[in-house]
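Novice: Here are the chains, one letter per residue:
4 protein chains.
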Amino acid sequence: MNDLKYYPTQELPYCRIHGRTDRSMQPLPLFWTGSGLEVLVNGTELWIDLEVDFDFHEPWAAYRVDGALMGRQMLLPGRQSLCLFRNMSPEAVKDVFFFRELQAMSEDPACRLLVHGFKTDGTFFPVPDRPYKLEFIGDSITSGEGTYGAVGDQPWIPMFMSASRHYAAMTAQALNADFRLISQGGWGVVCGWDNNPHHALPLCYRQICGLACGPANEALGAQKPNPFEEWRPDAVIVNLGTNDNGAFDQPAWQDESTGETFQNKRNPDGSLEAASVERFEQGVIDFLKQLRSCNPDAHIVWAYGMLGYELTLPIAHALDTFRKETGDTRISFLQLPNTTEETIGSRFHPGVRSHERAAGVLSEYLKSIL
Amino acid sequence: MNDLKYYPTQELPYCRIHGRTDRSMQPLPLFWTGSGLEVLVNGTELWIDLEVDFDFHEPWAAYRVDGALMGRQMLLPGRQSLCLFRNMSPEAVKDVFFFRELQAMSEDPACRLLVHGFKTDGTFFPVPDRPYKLEFIGDSITSGEGTYGAVGDQPWIPMFMSASRHYAAMTAQALNADFRLISQGGWGVVCGWDNNPHHALPLCYRQICGLACGPANEALGAQKPNPFEEWRPDAVIVNLGTNDNGAFDQPAWQDESTGETFQNKRNPDGSLEAASVERFEQGVIDFLKQLRSCNPDAHIVWAYGMLGYELTLPIAHALDTFRKETGDTRISFLQLPNTTEETIGSRFHPGVRSHERAAGVLSEYLKSIL
Amino acid sequence: MNDLKYYPTQELPYCRIHGRTDRSMQPLPLFWTGSGLEVLVNGTELWIDLEVDFDFHEPWAAYRVDGALMGRQMLLPGRQSLCLFRNMSPEAVKDVFFFRELQAMSEDPACRLLVHGFKTDGTFFPVPDRPYKLEFIGDSITSGEGTYGAVGDQPWIPMFMSASRHYAAMTAQALNADFRLISQGGWGVVCGWDNNPHHALPLCYRQICGLACGPANEALGAQKPNPFEEWRPDAVIVNLGTNDNGAFDQPAWQDESTGETFQNKRNPDGSLEAASVERFEQGVIDFLKQLRSCNPDAHIVWAYGMLGYELTLPIAHALDTFRKETGDTRISFLQLPNTTEETIGSRFHPGVRSHERAAGVLSEYLKSIL
Amino acid sequence: MNDLKYYPTQELPYCRIHGRTDRSMQPLPLFWTGSGLEVLVNGTELWIDLEVDFDFHEPWAAYRVDGALMGRQMLLPGRQSLCLFRNMSPEAVKDVFFFRELQAMSEDPACRLLVHGFKTDGTFFPVPDRPYKLEFIGDSITSGEGTYGAVGDQPWIPMFMSASRHYAAMTAQALNADFRLISQGGWGVVCGWDNNPHHALPLCYRQICGLACGPANEALGAQKPNPFEEWRPDAVIVNLGTNDNGAFDQPAWQDESTGETFQNKRNPDGSLEAASVERFEQGVIDFLKQLRSCNPDAHIVWAYGMLGYELTLPIAHALDTFRKETGDTRISFLQLPNTTEETIGSRFHPGVRSHERAAGVLSEYLKSIL
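For the protein sequence lines, the chains are C, L, V and P, in the order given.
Positions 0 to 369 (numbering that gives the first Met the number 0) are the ones given, in order, by the first sequence.
Positions 0 to 369 (numbering that gives the first Met the number 0) are the ones given, in order, by the second sequence.
Positions 0 to 369 (numbering that gives the first Met the number 0) are the ones given, in order, by the third sequence.
Positions 0 to 369 (numbering that gives the first Met the number 0) are the ones given, in order, by the fourth sequence.
In case anyone wonders, no lab produced these hints; they're calculated from the structure.
Be careful, since some hints might not be right.
Heads up, the list lumps identical chains together, so a pair's fine if it works in one copy or across two of them.
[As the list claims (entries may be wrong)] List time: in silico EDC-like cross-link candidates among lysine to aspartate or glutamate, alpha-carbon distance up to 16 Å:
no., residue 1, residue 2
1, Lys264, Asp107
2, Lys223, Glu50
3, Lys118, Asp2
4, Lys288, Asp120
5, Lys323, Asp120
6, Lys366, Glu340
7, Lys366, Asp233
8, Lys323, Glu309
9, Lys366, Asp2
10, Lys4, Glu217
11, Lys288, Glu324
12, Lys288, Asp107
13, Lys264, Glu228
14, Lys4, Asp120
15, Lys132, Glu228
16, Lys118, Glu50
17, Lys323, Glu272
18, Lys366, Glu341
19, Lys223, Asp21
20, Lys118, Asp54
21, Lys323, Asp268
22, Lys366, Glu309
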């Protein structure tokens, strides 16, 4: 083994930080799935120095070398070093991207993955800018639920989620783009799958990782306002609505303390109740306004359909209303192909083939507008 | 050659007539693309007896044997017999579907294709009912422009149009459905590609083939009211809007006699003018009402996108408005994949691979709702 | 309609004749499947003037415009003109290739397809040379049996055969090559499927179309020696052996006049009898020698397997023996993917998807050696 | 965390050992790539207890849950426990297959991966027999070189090799078969890529893992005779010849102690020297005899071509000679599709798409004979 030098994350000469985080932190927290560190480095060997903790849901991580997925593994608690490569040609410059495979866990405030630094005998080089930046906002689909595991596997556990076999990663690769994921399984625009109105992505969009709760996450900067001016996406892709839709078939949610309830309702004939739809549409409009205020120049693409098309018209209607109200024409609606028996993965969620199909439609579309 | 017996169309013991026509006519006119006659027959030999005429645009025809495309050819003027098979096994029952490959030609009132009868040494059998009936309403996409010919070929001539390599035919095959096409290249919901408001499919939807003009077509029954009660589609798929969209980039149309003009306009910033969009949306709503009144039980699917997505939101908004106004929930919006460099055909129109992609999305969707 | 000028085939200023024929004939006979005439012509209209006859098996024809398949139809007896295009842009130069879709019919000496000439208002241009020339020698697979028709259709009739949906045409398109087909269903290297030793392609390889018998074909030049020096293929692809293999499961053939018999035999355990295999191998070696003497510079590729792999080792052994004996290294063996349930066509023969797979393997290989 | 019970490998109530090893060992060594342990277990949690060592080349491991690839990682030296799942449903029975991703390393006698046992709160169940057993014998292709990593990546290091994205694994999955890999990069039938005649798989076929040298491996049982009677493959697939072929373009190998040399030679015209070819063919024949004596009932399929076809005829000739000499007809030759620009992986080796194509051809073939 060669003589390795240690670089704390904050002292890396060059490094691309992917995903929203507080970039001033040492160690650096990786909150969202797909968040990670990309380095260009020569030398024969590279290690990453991590700190991991959780109460229930362990984080998973994966990494790419020169764009190709190399490893994927469960992370256990504690400080630890992972070797990312050994015995490579010393002169060759390698692009290594280490990233979190697990969504931010709103349900496990102890869950965290921190990067302390790298060890290498090589030299770091600047990671060249890519032509595009893409932000994806979504639910379990965008948390990659179902992208690992066999059809029929059902537990809601981290190992079935990923950012590696993911329509966002595939789309970004097709466009040569950097990307960020903001996602939470079960959440929606106005409420979660269980009608819980607190499980709405818009509520935490302005914070770095607003749904990572508790003092530990707060100390890591999760609740700080996100510095939108530092990373301006060319397109914001919103893949939400699937849980708002699911809520129409669930009992009302009740706030245990206040007694307040919330429910998306169906009419006796099974159709969607008008008031529930209007509330949802208003939620979409409000979120669009928020997105626009945070991302003044981005195309906003509402991309929907991988788990059913039922809210197509309400979403499109809300987009249209927003456009008419504001005169803002840099928004559009894109239908992603529904998941079929041939493309399903574990947990009755889109499998890798469904993600490939969605990425095909999405990247074709983004190429046409960017 | 065996002893062949001649059967005038009206005297066929069994025969499935595909496409809108006046079924009482002898000979039977085939107005729309995809219209034709399907017979189940044994014997060694089968001929079809045709009458063809046109001023400029010659009709093409094709036929399937047991569902597989067998022949496709240009038809020249005059009475003529085509041999559809020879030397087949006498006992085997063959399913033969002869059909028109050319859209109804609003611009060539002399264009016609009539079926006088069949000649065979076989016996006819009933064509079993298929589980579904589908009606497709559209423009050049639904007239199959671009499905034959090389990329780069440009003339607007019949040989580049078809019903044989067609998303409707593929969708119908995937669902085991009968289908009808109502289509006209360049036409739209409210106006044609050139802003001509008479080139609107809704204007002629209630007639058998309202856009086939002139006394000859009238004598063939084209202007008669269509007997909707005789053929009840399970789904009506509307693939319109592409020409209304194109009209936004064209000069105004002017009625030479009245001086009246029509134009879809863009704002100075390139966005769609609100008044033009509203008129289009109202046109969609009105057409939906007409479709519903003619097809009380059908799912109505507005399927749009094979040549661009720009009117997605206006169409969806109109559908949503119709739904809210009427409480009618058996309508939906489906985005068909845009045509790309890899899937384009002749005349800058969707090629066969684009039709295959559209058929994939559409048949998956129809299977989920029917 | 414009003023059309008639050009007898022999007086065409420019024309590419595809397929073996006697080029001095007027009218020009098209003996082999895939044989035809390719012209580059501008103008609005083009007709081809044909003469057709047969006793039992009618020829089919197809044509391409700018490389894209446009029409395909049965031909009935008599002199007749087919319109190949109408109303095209007068200046645009079109590439039109009209070709025979039916193999040479050794069983129907009256079957013939002659081209008398073309009629057009356009001007002819030279057809540019393509970089490669390919000759394919085969049996029913290379006669395209099964490329049209539904799975399950069984009669042995022309309409199920083609040169249009054909691995040779696809391979030629992938390499931008001209190609010729020399094929006969049921024939083999040493004997036919029924053990008839006269049904062996090598017996007629040196004539223009040696298996087209009778005085009529003779008068058309079929029995003349083929002028190999006029068309030097870069590769000769031999797809034979399938019928020699089939013969192992058939009763002996007997010559009615001489009483002589012929049979490929199996051992009691089902394996191939050594003497039969040796005779087959010698036949392969002899044919290779003949091919080499006729084609001194061509790569010879024995491509086998689309209907089973059983003779792989005997064929390969014969090729190896030929190579060792002669020191000729420009021969090779290529296995084509066997036909599966997913890729089968009519008549239990390779369907269009099997031809696509074979063309993929073959064109990759030819690209690597040419 | 639940109460976990530890099971030494030898005390597992049920367990399927994949790959050749000395089954009596505790801990159990995993010598070959693809070797591993498969258990059926319920409970919420499963750990595997490993011991790892190496001088230079670290082993990698991967695992499947219910057949789906879940994790893949580099292993570092020392005793260690990996968690294979956590928080699964306690009742559900999971199929977990942990396996080595790195070939046996003839060049690193210290390299080893041992399985001490499992820890779980679940109960083990018998792993049901699969209908087929397949053995694959090969070189770098069968060691999965190139199946991970980007096109252009070149170092010869473990991370670019795998048994997970592998034609053998895909073939086995298609047939529902157990499989074993016997492979070594750079080795051949008679000599290695560098003409070294000791780098020949047949030399070590009869031992459990004859190429794992040194006292440590010997103590693990590597040099013991393989108990062929304990695992009878239905088919033995030999994918060798690629390095014998490469040796024709390399300088002679010389034994430093004896001065003895070895070289496959080309003639001045570039063709293969007859004597070298004969020696190779004899090597194939001798290996076939060895394979048959060890596997009296197996189909032997020589599958060749993923990195070039040049030895097709010598291999086929040798197979044919063996068949004629021995009357053994349960052998066959299968050409696997050559790797193309579209299907290449890292290290100029077949990528995952090339493995998929090979698996397609191979599994279709095996289904037809088994």
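Novice: List, from low to high, the hint numbers that the structure doesn't satisfy.
Specialist: The structure conflicts with hints 1, 2, 4, 5, 9, 10, 12, 13 and 20, although it agrees with all the remaining ones.
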